[in-house]
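**Q** Read off the chains here:
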Amino acid sequence: MLNINNLHVELEEEDKKILKGVDLTIKAGTVHAIMGPNGSGKSTLSYVLSGKDGYDVTEGAATLDGLDLLDMEPEERAAAGLFLAFQYPVEIPGVGNMTFLRTAVNAQRKARGEDEMSAADFLKLVRARAKELKIDADMLKRPVNVGFSGGEKKRNEILQMAMLEPKMCILDETDSGLDVDAMKLVAQGVNALRAEGRSFLVITHYQRLLDHIKPDVVHIMADGKIIKSGGPDLALEVENNGYEDILAEVA
Amino acid sequence: MALANPKQSATEARLTALTLPSGGWSEPARQDALLRLQAMGLPQRRDEYWKFTRPDTLLDSQAPTAAVFVNDDGRMFEAYDQINIVFVDGVFDADASDELVLEGVHVERLADIADKDIHWAKDLYGTLESKGQTPVERPFAALNTAFASDGVVIHVTGKPSKPVCLTYIHNSEVSDAILHNVVRVDEGAELTLLENGPAAARFNNVTEIDIADGGTLHFIRAHGRDHERRAVTHMFARLGEKSTFKAFTLTVNGVLTRNECVIELAGNDAFAHVAGACVGDGDFHHDDTVFITHDALNCESRQVFKKVLRNGATGVFQGKILVKAGAQKTDGYQISQALLLDGDSQFLAKPELEIYADDVICSHGSTTGAIDEEALYYLRSRGVPKSAATDLLTLAFLIEAVEEIDDKVIADTIVSRLESWLARR
Ligand SMILES: Nc1ncnc2c1ncn2[C@@H]1O[C@H](COP(=O)(O)OP(=O)(O)O)[C@@H](O)[C@H]1O
Ligand SMILES: [Mg+2]
Chain A
1 MLNINNLHVE LEEEDKKILK GVDLTIKAGT VHAIMGPNGS GKSTLSYVLS GKDGYDVTEG
61 AATLDGLDLL DMEPEERAAA GLFLAFQYPV EIPGVGNMTF LRTAVNAQRK ARGEDEMSAA
121 DFLKLVRARA KELKIDADML KRPVNVGFSG GEKKRNEILQ MAMLEPKMCI LDETDSGLDV
181 DAMKLVAQGV NALRAEGRSF LVITHYQRLL DHIKPDVVHI MADGKIIKSG GPDLALEVEN
241 NGYEDILAEV A
Chain B
252 MALANPKQSA TEARLTALTL PSGGWSEPAR QDALLRLQAM GLPQRRDEYW KFTRPDTLLD
312 SQAPTAAVFV NDDGRMFEAY DQINIVFVDG VFDADASDEL VLEGVHVERL ADIADKDIHW
372 AKDLYGTLES KGQTPVERPF AALNTAFASD GVVIHVTGKP SKPVCLTYIH NSEVSDAILH
432 NVVRVDEGAE LTLLENGPAA ARFNNVTEID IADGGTLHFI RAHGRDHERR AVTHMFARLG
492 EKSTFKAFTL TVNGVLTRNE CVIELAGNDA FAHVAGACVG DGDFHHDDTV FITHDALNCE
552 SRQVFKKVLR NGATGVFQGK ILVKAGAQKT DGYQISQALL LDGDSQFLAK PELEIYADDV
612 ICSHGSTTGA IDEEALYYLR SRGVPKSAAT DLLTLAFLIE AVEEIDDKVI ADTIVSRLES
672 WLARR
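Line by line, the protein sequences give chains A and B.
Those letters in the first sequence? Residues 1 to 251, by my numbering.
Those letters in the second sequence? Residues 252 to 676, by my numbering.
The set of hints was computed from the structure by calculation and includes no laboratory data.
Don't take each hint at face value.
[To be verified] Only pairs whose alpha carbons sit at most 27 Å apart, straight line, appear in this in silico DSS-like list of lysine-lysine: (1) B:Lys637 - A:Lys141; (2) B:Lys601 - B:Lys258; (3) A:Lys52 - B:Lys637; (4) A:Lys225 - A:Lys134; (5) A:Lys124 - B:Lys659; (6) A:Lys52 - A:Lys134; (7) B:Lys637 - A:Lys110; (8) B:Lys575 - B:Lys382; (9) B:Lys497 - B:Lys601; (10) A:Lys141 - A:Lys124; (11) B:Lys571 - B:Lys493; (12) B:Lys373 - B:Lys258; (13) A:Lys141 - B:Lys497; (14) A:Lys141 - B:Lys258; (15) A:Lys167 - A:Lys124; (16) B:Lys382 - B:Lys367; (17) A:Lys153 - B:Lys637; (18) B:Lys302 - B:Lys258; (19) A:Lys110 - A:Lys124; (20) A:Lys124 - A:Lys184; (21) B:Lys373 - B:Lys497; (22) A:Lys167 - B:Lys659; (23) A:Lys17 - A:Lys110; (24) B:Lys601 - B:Lys571.
Source: prediction; values computed, not measured.
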C-alpha cells in the first residue's frame with residue numbers, strides 16, 4: 001500500500017534537515033504506529049506525504065499503490081486514497097462543515113470519474129456517521145472547526161475520514177487533548193473503518209490509544225529516522241521505560 | 252484679473268453642461284443646493300476626503316464613454332414578486348415598469364410631481380443631504396440635489412406585501428444620469444427597497460431616507476456587472492426611535508464606484524446596519540465612505556464591508572463612527588476587510604472613531620490579506636482542487652457581509668452572483 005524509501009526532507013525556508021532517511025512499508029489492511037519524542041519529525045512525515053508546501057524532498061521516494069505521491073497535488077493524493085487526520089485541525093470561518101464535507105466527497109468522486117453523491121444519500125450517510133461519533137446537528141452546521149473544542153475537532157477529523165473512506169489513513173496525534181471517553185469514541189470510529197483494503201498509520205505519544213487501536217507494527221522515530229520497529233510490545237516498552245533506553249541502545 | 256481657483260473653475264466647467272430645473276415645490280431646494288455647491292466646489296485630488304479616489308472623471312462636463320455591457324446573468328431580483336420601476340440611462344421606461352400601485356406604499360416619480368407647488372417630499376428633498384454636508388462636504392450630493400432629472404419618491408405608510416425595486420439599465424455609451432430618490436417610512440411601517448443595475452455610463456445617485464419611530468427599511472442594492480461605468484452614490488438616512496435601517500450593497504466590477512453612506516441615529520434604541528460586498532477585477536476602483544453619527548441613547552450601528560480584489564483592482568474604505576456627547580450606551584461596530592487574490596491589488600482603509608460619550612462600546616478593525624494558506628491546504632488535503640478551494644474560501648470571506656441581509660432568498664441570490672463572478676476567473 002504505502003512505500004516510503006530513504007526519504008530525506010529539508011525545510012524550504014531555512015537550511016534545516018528534518019527527515020534523514022525514513023524507510024517504511026505498510027501493507028494493505030495493516031495498522032502501523034509511530035511513536036517518538038517531540039520534534040522527531042512525525043508530523044513532518046505526515047505533511048510531506050499529504051503534500052503540504054514548505055518542504056523540500058532532497059532524496060528518496062514515497063508511493064501509494066505504486067503511484068508517486070510526491071509528484072502529485074494534495075487533492076490528487078486525497079483522491080488516490082490518502083487521508084491525514086491533522087494534529088491541529090484548521091478552522092475555516094464562513095465554510096459550513098456540511099458544505100465542506102459534501103464538497104470534499106464529491107470532488108474526490110469526480111476526480112476518480114465517479115458520479116456525485118446525491119444530496120439525499122449524502123445527508124443520510126453523514127447523519128449516520130456523525131451519530132456514531134456523537135457529533136450533533138449543530139456541529140455539522142457550524143463553520144469547519146470554528147469554536148470546536150479540542151475533542152470536537154478530533155472527532156470531526158474522524159468524521160471526514162469516515163465520509164471519504166480513504167485507503168491509507170494517517171492519524172497524527174489524534175489522541176492528544178482527548179479525555180478517556182473521547183479517545184474511546186475516536187478509537188471506535190477508527191476500528192469501524194478497519195478493513196482488508198485499508199491501512200492505518202497512527203502517530204501517537206502514548207500507548208493509551210494503542211490499547212484501543214491495536215497495531216500490527218510499532219515504529220520508534222527519533223531525529224528524522226525510524227530507529228526501531230517491532231510488535232505491539234514495543235509500545236509497552238516505551239510506556240514503561242520511556243525513549244531513553246531505546247535511544248541508548250541504538251546509539 | 253486674479254487667477255481662478257482650480258476648484259471653482261472645475262465646478263464651473265462641470266456646471267456648463269447642466270441646467271437647473273425651475274418651478275414647482277423643489278425649486279428652493281435646488282437653488283439652495285446649487286449655492287452650496289458653488290460655495291464648496293467640486294472635489295479635487297488634494298482634498299483629504301478624496302485622498303484615495305481620484306475625482307477627475309466625475310468632474311468632466313461629459314461622462315467618459317463606457318461601453319454597454321451585455322449581462323447574460325439576467326436581471327437581479329427578477330425572480331421576486333415586486334413593483335419594478337425601470338430607468339434606462341436615467342430616463343424612466345414606462346413600458347418596462349410596473350404600475351406604481353401597492354397597498355401600504357405610495358410611489359411617485361420625481362419628474363411627474365415636479366410641477367406641483369406642494370408635496371410632502373418638500374420636507375425631505377435636499378434636507379438630509381444638506382444636513383449630511385457637515386462636518387464633511389459631499390459636493391456630488393449637492394450637485395445631485397440641484398440637478399437631478401428624475402428619481403422616485405416613496406412614502407411607506409404600512410407594510411407592503413412585496414418589495415419596490417428600482418432597475419437602472421445602462422444602454423448608452425455616453426449617458427450621464429442624475430437621479431434623486433426620497434424615502435419616507437412612517438411610524439411602524441416597513442419596506443424592502445431593491446436597487447439593481449449599472450444605470451448609465453456615469454451615474455450620480457442620491458437617496459434620502461427618513462425613518463420614523465419604529466419604522467424599518469431594508470435597502471439592498473446590486474450595482475451589477477458592467478466594466479466601464481462610473482458611479483458616485485450617496486445615501487443619507489435619519490433614524491427615529493426604535494427604528495431599523497439595514498443596507499447592503501453588492502458591487503461586481505465597474506471602473507469607478509464611490510458609495511457614500513451618511514447615517515444619523517436621531518432617536519433612542521435605533522439600529523443601523525450597513526454592509527457591502529464588492530468583487531473587482533483589473534481596472535476597478537471601489538470606495539465605500541461611511542459616516543455614522545450617534546446622537547441618541549442606546550443605539551446600535553454596524554458596518555461590515557468586504558472586498559475581494561484581483562488583477563490590480565483597488566479597494567477603499569473610509570468609515571467613521573461619531574458618538575456625540577450624551578449618546579450613552581452606544582454600541583458601534585465597524586469592520587472592513589480586503590482579500591487580495593494577487594500581489595497587484597491594493598486596499599486603502601481609514602477607519603475612525605470619534606467619541607464624546609463615556610458609556611459606549613465601539614470597536615473597529617480593518618484587515619488586508621491573501622487567501623489563508625493553511626485553510627487552502629486543509630481543503631486540498633480533503634480532495635478539493637485548488638481553484639475550488641480558493642473559491643470556497645473567497646465566498647467564506649464575503650459571507651459575513653452577505654449575512655447582514657435578513658431575507659434568505661435575497662441573500663442566496665447575492666451569493667449565486669458572487670459564485671458566478673468567481674467562476675468567470
Ligand atoms: N515549518 C517549520 N518551520 C520550522 N521548523 C519546523 C517546521 N516544521 C517542522 N519543524 C521542525 O522540525 C522538527 C520536527 O517537527 P515535527 O515534524 O513537528 O515533529 P513531531 O511531530 O515528531 O513532534 C522540529 O524540530 C520542528 O521544530
Ligand atoms: Mg507532531
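**Q** If a hint holds in the structure, say so; if it does not, say that too.
**A** Status of the hints after comparison with the structure:
no.: 1; hint: B:Lys637 - A:Lys141; in the structure: 23 Å, holds
no.: 2; hint: B:Lys601 - B:Lys258; in the structure: 24 Å, holds
no.: 3; hint: A:Lys52 - B:Lys637; in the structure: 13 Å, holds
no.: 4; hint: A:Lys225 - A:Lys134; in the structure: 37 Å, violated
no.: 5; hint: A:Lys124 - B:Lys659; in the structure: 25 Å, holds
no.: 6; hint: A:Lys52 - A:Lys134; in the structure: 30 Å, violated
no.: 7; hint: B:Lys637 - A:Lys110; in the structure: 14 Å, holds
no.: 8; hint: B:Lys575 - B:Lys382; in the structure: 15 Å, holds
no.: 9; hint: B:Lys497 - B:Lys601; in the structure: 22 Å, holds
no.: 10; hint: A:Lys141 - A:Lys124; in the structure: 15 Å, holds
no.: 11; hint: B:Lys571 - B:Lys493; in the structure: 22 Å, holds
no.: 12; hint: B:Lys373 - B:Lys258; in the structure: 30 Å, violated
no.: 13; hint: A:Lys141 - B:Lys497; in the structure: 26 Å, holds
no.: 14; hint: A:Lys141 - B:Lys258; in the structure: 55 Å, violated
no.: 15; hint: A:Lys167 - A:Lys124; in the structure: 22 Å, holds
no.: 16; hint: B:Lys382 - B:Lys367; in the structure: 24 Å, holds
no.: 17; hint: A:Lys153 - B:Lys637; in the structure: 23 Å, holds
no.: 18; hint: B:Lys302 - B:Lys258; in the structure: 15 Å, holds
no.: 19; hint: A:Lys110 - A:Lys124; in the structure: 20 Å, holds
no.: 20; hint: A:Lys124 - A:Lys184; in the structure: 24 Å, holds
no.: 21; hint: B:Lys373 - B:Lys497; in the structure: 25 Å, holds
no.: 22; hint: A:Lys167 - B:Lys659; in the structure: 40 Å, violated
no.: 23; hint: A:Lys17 - A:Lys110; in the structure: 37 Å, violated
no.: 24; hint: B:Lys601 - B:Lys571; in the structure: 8 Å, holds
When each numbered hint is compared with the structure, violations occur for hints 4, 6, 12, 14, 22 and 23.
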